[in-house]
Amino acid sequence: MSKTKSMILAALFAALTAVGALIRIPTPISSFTLQVLFVAMSGVLLGCKWGFLSQAAYILLGLVGLPIFVSGGGPGALLQPTFGFLLGMAAMSALVGYIVERRGAKFFTICWACLLGLVPLYAIGLPYMHLVLTVYLQRSQTVWATLWGGMVIFLPWDILKVAATAALCAKLYPALHRSVHPSPSL
Numbered sequence: 047m048s049k050t051k052s053m054i055l056a057a058l059f060a061a062l063t064a065v066g067a068l069i070r071i072p073t074p075i076s077s078f079t080l081q082v083l084f085v086a087m088s089g090v091l092l093g094c095k096w097g098f099l100s101q102a103a104y105i106l107l108g109l110v111g112l113p114i115f116v117s118g119g120g121p122g123a124l125l126q127p128t129f130g131f132l133l134g135m136a137a138m139s140a141l142v143g144y145i146v147e148r149r150g151a152k153f154f155t156i157c158w159a160c161l162l163g164l165v166p167l168y169a170i171g172l173p174y175m176h177l178v179l180t181v182y183l184q185r186s187q188t189v190w191a192t193l194w195g196g197m198v199i200f201l202p203w204d205i206l207k208v209a210a211t212a213a214l215c216a217k218l219y220p221a222l223h224r225s226v227h228p229s230p231s232l
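Numbering (this note's numbering), first residue to last: 47 to 232.
Don't read these hints as lab results, they were simulated from the structure. Honestly, I wouldn't trust all of these hints.
Unchecked claim - Derived pair list, reagent style DSSO-like, types lysine-lysine, alpha-carbon separation capped at 30 Å:
1. K217 to K49
2. K51 to K217
3. K152 to K51
4. K152 to K49
5. K95 to K49
6. K95 to K217
7. K95 to K152
8. K95 to K51
9. K152 to K217
I would like the entire structure built from these sequences, with the hints used as guidance.
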């Protein structure tokens with residue numbers, strides 16, 4: 047894929063992640079959104095580097111003040127319990143892209159790449175969430191309550207998004223990565 051095409055697609059996935067944040071169902075600590083779908087798709091379709099850059103662009107745009115996070119935007123987002131998940135999304139996209147670049151973009155490969163991508167998402171997001179809730183917001187919050195409210199209730203929804211990502215990307219990937227060769231002139 048050309049650098050120009052990669053840059054355009056990275057910008058598109060940053061925008062799609064922002065749209066995914068706007069489609070939400072609130073819960074007491076976080077919200078159900080479509081962000082993980084677009085984050086996983088960015089990794090599959092753009093690869094490790096450009097998938098990561100698409101999510102980094104999304105985070106930077108939100109931090110400079112665009113209201114594209116679930117909680118709004120601006121530097122104050124750093125003190126929101128869910129900000130760690132935004133950092134985890136960039137890591138998720140990079141890991142998914144890394145696996146797909148090496149193993150291919152078949153349905154089951156995409157599925158396990160996206161499931162493995164959930165590991166850094168939650169490994170970064172949950173401790174950050176717990177720290178903000180208990181230290182900054184001074185809530186009396188158990189680790190189990192953070193795990194439940196920040197991960198467990200979201201896992202069935204995440205598995206559906208992984209399946210949707212695999213179904214969509216197994217079809218989109220070949221079309222997106224097809225090289226176009228000019229026909230020889232006569």
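Structure versus earlier hints, numbers of those that do not hold, lowest first: none
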